Structure formats: C-alpha cells, structure tokens
Amino acid sequence: MLQIGDKAPDFTLAASPDKMVTLSDLRGKNVILAFYPADWSPVCSDQMALYNETLRFFERHNAVLLGISVDGKWCHKAFAKDRNLHFDLLADFEPKGAVSRQYGVYKDGVSQRALFVMDDQGVIQWSYLSPIGENPGADGILQALETMTKTA
Amino acid sequence: MLTPPITSRDHVTGNQQGSTEIVEYGDFQCPYCGEAFGVVRDMLQALSNIKFVFRHFPLAESHEYAMDAALAAEAAARQQQFWQMHDALYLHQQQLSDALFPELAKQLQLNLEQFQEDMQDNLLVSKVEADFESGIRSGVNGTPTFFINGKRFNGDYRNLLAAVRH
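The listed protein sequences correspond, in order, to chains A and B. Numbering-wise, the first sequence is residues 1 to 152 according to the numbering used here. Numbering-wise, the second sequence is residues 1 to 166 according to the numbering used here.
By construction, these hints were calculated from the structure, which means they are not laboratory data. Among the hints, a few may not be true.
To be verified - Taking lysine to aspartate or glutamate and the EDC-like style, the derived pairs with C-alpha atoms no more than 20 Å apart in a straight line are:
no. : chain 1 : residue 1 : chain 2 : residue 2
1   : B       : Lys-127   : A       : Asp-120
2   : B       : Lys-151   : A       : Asp-120
3   : B       : Lys-151   : B       : Glu-61
4   : B       : Lys-151   : A       : Asp-139
5   : A       : Lys-77    : A       : Asp-139
6   : A       : Lys-81    : B       : Glu-64
7   : A       : Lys-77    : B       : Glu-21
8   : A       : Lys-29    : A       : Asp-120
9   : A       : Lys-81    : B       : Glu-61
Only a predicted model underlies this, so the values are computations on that prediction, with no experimental measurement involved.
Could you put together the complete structure from these sequences and hints?
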C-alpha cells in the first residue's frame with residue numbers, strides 16, 4: 001500500500017458511460033480516494049451513503065471525493081442513481097483492478113477498503129486500510145484535511 | 001470517542017444522574033433505528049442507572065423525511081416534548097410523510113402554529129447539523145451508532161442491554 005509522501009500514481013478511469021476522470025486534472029484540489037470492494041452494500045451502514053452526506057464538509061477543505069471499485073461503469077451508474085450519490089464512482093474494471101494494484105490495495109479479486117487523501121499537488125498525505133467488513137467512517141479523512149489546511 | 005461529550009444542549013432521558021451514559025446517533029427514517037428504538041425502550045425500563053441521549057444523524061440523501069423528522073423533534077423540544085415526539089416518530093416510522101408531523105404535533109397537543117413556525121427555523125437546522133457533524137467527528141459510520149460512556153459500541157445494537165449490564 002502506498003504511503004504518506006508518495007506521489008499518487010496518475011490514472012484515467014470511467015466515472016460513467018460518458019465521463020472519464022483523470023487524477024492529474026484535479027491538481028489544485030485535495031483529492032480523497034475511497035477504494036471499496038463492491039457496489040450494493042446495505043443502505044444504512046453503507047460507506048458511500050455516508051460520504052454522500054459528508055461531501056459538504058470535504059468541500060470546505062477544497063477536497064473532492066472519488067469512490068473506486070472494480071465494478072463496471074454501468075453498475076456504478078445504476079448504484080449511484082439508486083443511492084442518489086453526488087460524487088463520481090470510478091470503474092477499475094479493465095484491466096481489472098489495475099489502479100487498485102498500483103496503490104497496493106487489490107486483494108482477492110476486489111479493491112480493499114482503503115482511503116487515501118492527496119494534497120493539491122497529488123502527494124499522498126494520509127492513508128488508511130480498513131478491515132474489509134468495517135466502514136471506516138469520515139473522521140479520519142476530516143482530521144487529515146484539517147491537518148493539511150493548518151500546515152499549508 | 002464521543003466528541004463533544006454530553007452537554008446541556010443534548011436531550012436527555014432515563015436517569016439524569018445515571019452512572020452509565022449512552023448516546024445514540026439516529027435517523028428517524030432508518031429502519032434499523034426503528035428497530036433499535038424498541039431495544040432502547042426495553043433497556044431504559046430494565047435498568048435504572050442509564051442516562052440516555054439522542055443526537056440526530058439524518059441521512060438526508062437516502063431518507064426523504066429524515067431531516068424534517070429531526071426538525072419536528074426539535075420543534076417539539078421547544079415545547080418540552082422532544083422525547084414524546086421522538087417516540088411518536090419511531091412508532092409511526094412506516095407512515096412518515098409531510099402530513100404526519102403536524103398530525104403528531106396535534107396528538108401531543110402542541111401549539112400547532114408555533115410548531116410549524118419552529119420547523120422552519122434555521123436555528124433548528126443548525127442544531128441538527130451540529131449533531132450530525134459531531135457524529136462524523138466521533139466516528140459514526142452509519143445509523144444507529146451508540147456510545148457507552150463515551151466509547152463507540154461496535155457490537156450489534158440488539159445486544160446493547162447485555163453490553164451495558166456486563
């Protein structure tokens with residue numbers, strides 16, 4: 001798993017059938033990458049549903065959130081629509097898990113539940129690997145963003 | 001850890017001087033919270049040493065009525081009926097709608113005009129959002145989440161009573 005101080009590997013992935021996202025295009029913003037195993041986990045304890053509610057706190061720190069799993073773009077589209085998500089879910093689908101592997105968080109056919117916070121220059125400032133069945137919440141991300149804001 | 005700890009802004013029930021402090025972060029439209037409501041009620045009946053606090057954690061993007069239900073409880077609180085509204089909302093969770101809030105207010109014999117005015121009050125929105133933010137900072141990752149004496153309870157809420165007794 002990549003560590004603090006590492007340059008975040010660049011990538012371009014589909015966020016929907018008609019939208020591609022390139023990490024380096026987001027320079028100037030802090031970026032939160034949330035790798036997760038699969039779409040369609042139970043509603044109330046769902047990590048992505050939680051982040052959907054916490055986007056406004058991330059935005060205060062000039063941060064954008066991207067979810068990443070090995071699900072395909074059509075699956076993401078249906079999931080995002082069903083859950084009313086207001087952020088992009090990226091499809092690490094072909095070749096399967098290639099980006100997750102680059103970040104060192106690919107295991108047993110899926111992305112692990114891992115968080116990375118990058119600064120506006122694309123350098124990793126915080127990371128966290130959660131037990132796969134455990135929703136890591138948003139407190140770690142917020143603390144990381146606050147620390148970055150203070151030291152910037 | 002619970003951040004901030006229980007303050008005078010919180011809604012408290014059970015034993016105000018209770019030695020065991022339990023805080024729930026909940027959403028009135030979340031079905032698991034609806035189930036946990038019964039667990040909490042049974043616990044408060046079974047144990048006399050619990051100081052129980054409810055904080056709002058509305059998942060407003062997932063649950064259409066979660067925010068308004070939280071505001072209804074806060075509006076009722078202005079007429080000293082927070083817990084009565086809290087209970088009524090969970091008991092009528094299946095019937096949540098815009099029409100339900102004034103209906104419940106009527107049943108609780110609240111001043112209806114005042115209640116509806118308070119439901120539009122931005123100060124109450126801020127209070128609900130402050131609860132939500134405190135939940136995020138405390139590590140709440142879904143609803144319901146319970147804290148026992150300031151520490152997050154990671155077990156199944158159906159085992160809350162056993163965990164508290166232990």
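Hints, one by one, checked against the model:
no.: 1; hint: B:Lys-127 <-> A:Asp-120; result: 32 Å, violated
no.: 2; hint: B:Lys-151 <-> A:Asp-120; result: 34 Å, violated
no.: 3; hint: B:Lys-151 <-> B:Glu-61; result: 27 Å, violated
no.: 4; hint: B:Lys-151 <-> A:Asp-139; result: 15 Å, holds
no.: 5; hint: A:Lys-77 <-> A:Asp-139; result: 27 Å, violated
no.: 6; hint: A:Lys-81 <-> B:Glu-64; result: 15 Å, holds
no.: 7; hint: A:Lys-77 <-> B:Glu-21; result: 43 Å, violated
no.: 8; hint: A:Lys-29 <-> A:Asp-120; result: 5 Å, holds
no.: 9; hint: A:Lys-81 <-> B:Glu-61; result: 11 Å, holds
The structure does not agree with the numbered hints 1, 2, 3, 5 and 7 stated previously, though it agrees with the rest.
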